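Construct the entire structure; sequences and hints are all you get.
Each chain, letter by letter, is given below.
2 protein chains.
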Amino acid sequence: MNVTVTAVDVHDVRFPTAAAGDGSDAINRGDYSATYVELHTDAGVTGAGFTFTNGRGNEITCAAVRALAHHVTGRTVAEIFADPVAFWRSLTADVQLRWLGPEKGVIHMATGALVNAVWDLRAKLAGKPMWRLLAELPTDELVASVDFRHITDALTPDEAGAILDKGLVGLDDRLAALTRDGFPSYTTSVGWLGYPDDKVRALTRAAYAQGWRAMKMKVGGAPADDLRRARIIRSEIGPDALLMMDANQVWDVDEAITNMAALAEVDPYWIEEPTHADDILGHARIARAVTDLTGGRCRVATGEVAANRVIFKQLLQAEAIGVMQIDACRVGGVNEVLAEILLAAKFGVPVCPHAGGVGLCEYVQHLAVFDHLRVGTSLDGRMVEYVDHLHEHFTDPVRTRHGRYLLPEAPGYSATMKPESIATYRFPDGPVWR
Amino acid sequence: MNVTVTAVDVHDVRFPTAAAGDGSDAINRGDYSATYVELHTDAGVTGAGFTFTNGRGNEITCAAVRALAHHVTGRTVAEIFADPVAFWRSLTADVQLRWLGPEKGVIHMATGALVNAVWDLRAKLAGKPMWRLLAELPTDELVASVDFRHITDALTPDEAGAILDKGLVGLDDRLAALTRDGFPSYTTSVGWLGYPDDKVRALTRAAYAQGWRAMKMKVGGAPADDLRRARIIRSEIGPDALLMMDANQVWDVDEAITNMAALAEVDPYWIEEPTHADDILGHARIARAVTDLTGGRCRVATGEVAANRVIFKQLLQAEAIGVMQIDACRVGGVNEVLAEILLAAKFGVPVCPHAGGVGLCEYVQHLAVFDHLRVGTSLDGRMVEYVDHLHEHFTDPVRTRHGRYLLPEAPGYSATMKPESIATYRFPDGPVWR
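Line by line, the protein sequences are chains W and G.
When you line the first sequence up against the working numbering, it's residues 1 to 434, in that order.
When you line the second sequence up against the working numbering, it's residues 1001 to 1434, in that order.
Read the hints as simulated data drawn from the structure, not as lab findings.
Given the structure is predicted, the values throughout are model-derived calculations rather than measurements.
A few of these clues could be false.
[To be verified] Listed below are several chain G residues computed to face chain W (Cβ distance under 8 Å; list not exhaustive):
#	residue
1	Leu1097
2	Pro1102
3	Asn1308
Ideal Cβ positions, reconstructed from N, Cα and C, are used throughout, including at glycine.
This is the structure we're talking about:
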């Protein structure tokens, strides 16, 4: 732990995904990109972290990481973890930068990249995959990693400690089961808006044959198109498999309710991002309406652009979500994800992490496994999103079998990109972009 | 209107205010800065706009303006205003940048700088100050300037139109009164956290002598210090003048309620930013508690870091605020401020714009005057914040008399900085920073 961060490197890495329509949804398009951070140390080990963006957006998050990097440079891992909240606040409450948020958007994503790199470094030094490092930490240290400011009205440190202590019971059995079976997941690769109907059908059929029994499609196009595509998928997967829908925030509140009344026909399991990500009261109204429309079979999911723990706190307090989709890159890194996982447990809502993009699957598998081992303790309703994109650029890529994630084994947070991928895809000087 | 934007210049302008403790509060410190945008045109007129930041934060917002500037370059003013929502969405829904928000933080502040510069350009071309340009626009054109997406559950275009039509009644009388008397304001210059007690007392006494009858102090330090400073101010201003308090988000929800129970002794008129800016449900709980504590004399105010119209919509729906503090730079410029002013009118909550920083007073005076002339129509509870900082750098600075803003007369949005100020304070090459 007595290792010093000697320098922080930031790379603007972009993959030319836009042309294929991969990853296209109702509001986001562009080349999947990563603001990739390397923490160089005097011990030769390098901490890796990143945030996920879209094309030109990467320039801005890179600038934000550079503005924050001095909080990490020159510090030892021991110092940082001796007072994790003080470290976290040095980034989130930087007196010159907090005005740009607070705790949201560009500045918070950049915070996440740095914070995650610090955790990756620690896990590598400990010789453990992140999920194991977290699952084996004493309750006191996990609690001390969370900034409870602004969430004590929903979760106190004592309540968090009690949840984590309780999570020690049966942990070995849960770990044995995960090691044997892997962690449940679902696929989003079948129904991007950019795909024609026959491609949707073929991909659905192939995914079903590979063992997937939960699939997500994008909605938010013309309502008739959404329903037609949904019927195709439902006809391919039969009545028992789960069909999730993702509107990526394009609907107004009343529009979401109207559209879900039509889409209820195909028995959706959840409607994700039915309206603006900041609209807690709107999500709560939609949740009540969708519950009424489907007799409780369909729930509201959101979180991939929920800005921080304060937004998640309210979504839970307002009973606005039945599925909580944390994002490993959106919020302020592992420390804030811990807060969110604990909040979800307090309110009894399952966490199904958002993944896809660049490296999100690599990150969130660790978080989901930790959640199951130490916090949530049940697999009921738990699934990690899976998208089959860009894993080949990571040194420790996700591995799946029969629609389940296998436990990562390499030390660290699986965030390390291959040097040749960085060199090839770096913007604007990599050969792909020149 | 057939004027083309030929180039967009962005300047990183910073004023060395940190050393003096000016502008220090519970969470923000740094050199007051502006990401200053110039729209050069083929007509020789230059549109000016900016967003306000703190020191190093300016680098990031400058990067964001550069990433968005191509949506403005090459366009004519006529084109932009022919379909204002399409223009606004070209910025806020840029498919490569929306992921960085959506509609919040860095990316939205950069949007605001560009959008405001476009409106400044239009007002200059029309030869009118912004408030007059807006107040004289036909209802249809004002309604067409607002993006109602995600707020139709609280305010429809028809409702907005009815409010604006009604605002035509008595407009001439209101304008005559404002021209004669100016617009009410309050001062925040007396009680920054960085100031010692004797300075607070002397500034309060001086402000009272100058005619101010509403003053705001910062709270959120040690509770005993907050109360001692509050007593000093109350003892200087007597029982009738208004004393407002601003906690800049440092409190948790229950902490805010506890601290306001103690501070109620000095009869505060409002408590501003009592907790995290994103905490709509928290503000609602605090509002109910403060109403109970003070028999309704004290209200909750917030808005200077409310990210967008969706947050304001919910603050109003939840009855969380009794005073709405719009910020001209935080949100996506004039178009979104129009939405917010109309929402406030729908819910019957007075708008008291946030000002201070760099140029915020210059901006918001126009918005408050427009609000009064065309939307709110009453001065009851309306005040514009006033801070006596940095006005000398603008070509059309605010003018006050007896604690009231005098109506701006020059064409434009009062956003134009003096060329010599830009040259002197530009970071890092201006003589002040070299």
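Outcome of the hint check:
1. Leu1097: 5 Å, holds
2. Pro1102: 6 Å, holds
3. Asn1308: 7 Å, holds
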